[in-house]
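In order, the protein sequences belong to chains C and H. Read in order, the letters of the first sequence correspond to residues 1 to 315 in the numbering used here. Read in order, the letters of the second sequence correspond to residues 316 to 608 in the numbering used here.
Honestly, I wouldn't trust all of these hints.
[Said to hold, decoys possible] Heads up, simulated DSSO-like pairs for lysine-lysine below, C-alpha to C-alpha not over 30 Å straight-line:
| id | chain 1 | residue 1 | chain 2 | residue 2 |
| --- | --- | --- | --- | --- |
| 1 | C | K218 | C | K299 |
| 2 | H | K408 | C | K287 |
| 3 | C | K300 | H | K423 |
| 4 | C | K237 | H | K423 |
| 5 | C | K300 | H | K408 |
| 6 | C | K287 | H | K525 |
| 7 | H | K405 | C | K248 |
| 8 | H | K423 | C | K248 |
| 9 | C | K299 | H | K423 |
| 10 | H | K405 | C | K299 |
| 11 | H | K405 | C | K259 |
| 12 | C | K259 | C | K237 |
| 13 | C | K299 | H | K339 |
| 14 | C | K259 | H | K423 |
| 15 | C | K302 | H | K332 |
| 16 | H | K408 | C | K259 |
| 17 | H | K332 | C | K300 |
| 18 | H | K450 | C | K248 |
| 19 | H | K408 | C | K299 |
| 20 | C | K138 | H | K408 |
| 21 | C | K248 | H | K463 |
| 22 | C | K309 | H | K339 |
| 23 | C | K218 | H | K408 |
| 24 | C | K115 | C | K66 |
| 25 | H | K408 | C | K248 |
| 26 | H | K339 | C | K302 |
| 27 | H | K423 | C | K103 |
| 28 | H | K423 | C | K143 |
| 29 | H | K405 | C | K143 |
| 30 | H | K332 | C | K248 |
| 31 | C | K302 | H | K593 |
| 32 | C | K312 | H | K423 |
| 33 | H | K525 | C | K115 |
| 34 | H | K405 | C | K117 |
| 35 | H | K463 | H | K450 |
| 36 | H | K525 | H | K559 |
Quick caveat, the hints were computed from the structure, so don't treat them as lab data.
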Amino acid sequence: MPSTRFDIFRYQPDVSDEYYRQEFSLEHTEDATLLDAILDLQNTQDPSLAVRYSCRSAICGSCACKTNGKTVLACTSQLESLKSEFGDDRLAVDPIGNFTPIKDLVVDMEPFWTKFKSVKPYLIPDGPPPEKERIVPKEAMQKIERESACILCAACYSECNSLAADPEFVGPAAFAWGYRFAGDERDGQRKERAKLYSGDHGVWDCTRCMYCNERCPKGVEPRDAIEKLGGIAFQEKVTRDKGARHAKAFLISMRTGGKLNESLLVPYTDPLGAPLDISFAAQMMAKGKAPSPIPHRIKKLKEVQGLIKNVKETI
Amino acid sequence: MQQFAYYPGCVAEFSSKELNATTKTLAPMLDIELLPLPAATCCGAGDIAEAKPNLYLTLNVRILSQAEEMGVDVLTICNVCTMNLRRANKMVKEDPRVLEQVNEELVKVGARPYEGTKEVTHLLWYLATEEGLSKLEAQGPRGLNGLKVAPYYGCQLLRPSSVMGFEDPDQPQSLERLIRALGGEVADYEAKSKCCGFPIILARQEVALKESHVALSQSRDAGADCMVTPCPLCHLAMDAYQRKAESLNGTEYNMPVLHLPQLIGLALGIETSVMQFKRHMVPTDNVLEIVGA
């Protein structure tokens, strides 16, 4: 029977305000999961060890935690696979990141739920309800299929680099749900949602670190949802945010030369702030890092201009 | 001689010319011939994808088709270009209907349709294999003289691994292998694959500079003489914006940041004037002194 050593984050606020770590060792079956092990430790070695869980089947989204720094669902992560992945017989177990621990592996999910609710994660159709059910073509539902699979486990939120720097960022899971409804053809709030999601700490705060896509245990790929919400903002002409202006500068560059016109990017993104940053611009210029304002022009630019004109978006 | 369609990306072509110049000098030393792509556009850097996803896909497939016409794979020197091109390639290779739709658009404007036969690789990936390392060794590198280098991967050369797939995104080792092969010492630190913040550095500067702080402060605390990165966007965030990050975060890093080809160039004895260290915002004098360049 295999055995595993654990180095577990502990926080028992009833006893002490200090965080500490505790070593455990456990014999277990070949196919035991991390959740099996935590529950076994709770039952046989330390009944105070706290963990949040419910379904044990990757449906409820309760048991996400970090092992050796990587966020996983404890119920679907087998110990032997984890040890082999990390090349280590000892597993560090921590609560998910970007949250405040309440007790051991249990965190305060309140900020997550507040942000989730803020995106209006429900269908808001236009007009009165029809007499019969709304028939939606299969293709229309396939567009939002991935996002519909989100179980709100917060694995994406746990390692979001934007959130680590800006705790008010709405975050990947909420925006996946945002697209799940903004992209639903029965919803009547496309423009309103584009406005709601484009504000401070909104979709344009995403730094594209791709951790959310990497960590999601259900293949939701929240970063792709955020990207699609950006696309909807463009379709609905909600493009005043600096992030949207940044993307617009790329589109203008593409049309006028085919390559990024870096000299356009700064003033176009932040027309009010850029002129105030003269000393930085001067430093960049002194190092030859201020590019020519005359855009580079690629060969066959007409092809590109034709594509910009022709290609239709299907977000 | 291994031929590639060379896709340096916009930043290396314009504001970070030192990267392009160094790569062009380094390539023939490693038996690589870089073929230009004069009609290639910007990859969109994630911004075009965020505004017009179908346009992003079509523009990137157009680039891949140009490489296909030349009969060679694409070589990049930028994380973001690599990810955008590979993602588009994956999307059309995995779904013939998507390829057909994209090709219809390409043909309409007189561009060549893509058959889906080409691959996109980054210079780091090409060199961090046994074959690549043996090419470096064949140059008889004078070495880095124990220079302590903090590898900085950034995000988009590692994640999403379903698109990138060269190495474990949580335990990457390609930069470490190169640093050691070149006679350098690795300064290890946790944040080597965290985000530099560059994609939002103009729109959300404070958030971005808090992100770059994590890797800059950790590499400093790990005792690194310098940082090395395979991405010119990360380089801008870590080098050009380093003083701003210091000011915002109330600390000093004084961390020289090298482009990957510059680190290799130092070990292989490329003239420092060719590698244009003077274009860096953070002085690299201590690095050149240790290496004896």
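Consistency of the hints with the structure:
1. C:K218 with C:K299: Given that 30 Å is the threshold and the Cα spacing comes to 43 Å, the pair is violated.
2. H:K408 with C:K287: violated, 42 Å
3. C:K300 with H:K423: holds, 14 Å
4. C:K237 with H:K423: Cα-Cα ~27 Å, so holds.
5. C:K300 with H:K408: Between K300 of chain C and K408 of chain H the Cα gap is close to 25 Å, so the pair holds against 30 Å.
6. C:K287 with H:K525: holds, 24 Å
7. H:K405 with C:K248: holds, 26 Å
8. H:K423 with C:K248: holds, 24 Å
9. C:K299 with H:K423: Given that 30 Å is the threshold and the Cα spacing comes to 17 Å, the pair holds.
10. H:K405 with C:K299: holds, 26 Å
11. H:K405 with C:K259: holds, 23 Å
12. C:K259 with C:K237: holds, 24 Å
13. C:K299 with H:K339: With a Cα-Cα distance of about 21 Å, the restraint between K299 of chain C and K339 of chain H holds, given a limit of 30 Å.
14. C:K259 with H:K423: holds, 22 Å
15. C:K302 with H:K332: holds, 27 Å
16. H:K408 with C:K259: Holds, at roughly 25 Å.
17. H:K332 with C:K300: holds, 24 Å
18. H:K450 with C:K248: Between K450 of chain H and K248 of chain C the Cα gap is close to 43 Å, so the pair fails against 30 Å, i.e. violated.
19. H:K408 with C:K299: Holds - the C-alpha atoms of K299 of chain C and K408 of chain H are around 26 Å apart, at most 30 Å.
20. C:K138 with H:K408: holds, 23 Å
21. C:K248 with H:K463: Outside the cut-off at roughly 41 Å; violated.
22. C:K309 with H:K339: Distance ~35 Å between K309 of chain C and K339 of chain H Cα, so the pair is violated.
23. C:K218 with H:K408: At roughly 23 Å apart (the allowed maximum being 30 Å), K408 of chain H and K218 of chain C satisfy the hint.
24. C:K115 with C:K66: holds, 22 Å
25. H:K408 with C:K248: holds, 29 Å
26. H:K339 with C:K302: Roughly 29 Å separates the two Cα atoms, so the pair holds.
27. H:K423 with C:K103: violated, 61 Å
28. H:K423 with C:K143: Roughly 26 Å between the alpha carbons, so the hint for K423 of chain H and K143 of chain C holds.
29. H:K405 with C:K143: Holds: K405 of chain H and K143 of chain C sit about 18 Å apart, inside 30 Å.
30. H:K332 with C:K248: holds, 24 Å
31. C:K302 with H:K593: violated, 37 Å
32. C:K312 with H:K423: Judged against 30 Å, a Cα distance of about 13 Å means the pair holds.
33. H:K525 with C:K115: Satisfied, since the Cα-Cα distance of roughly 22 Å is no more than 30 Å.
34. H:K405 with C:K117: violated, 34 Å
35. H:K463 with H:K450: Given pair K463 of chain H, K450 of chain H holds - Cα atoms ~23 Å apart, limit 30 Å.
36. H:K525 with H:K559: Holds. K525 of chain H to K559 of chain H sits at ~10 Å (cutoff 30 Å).
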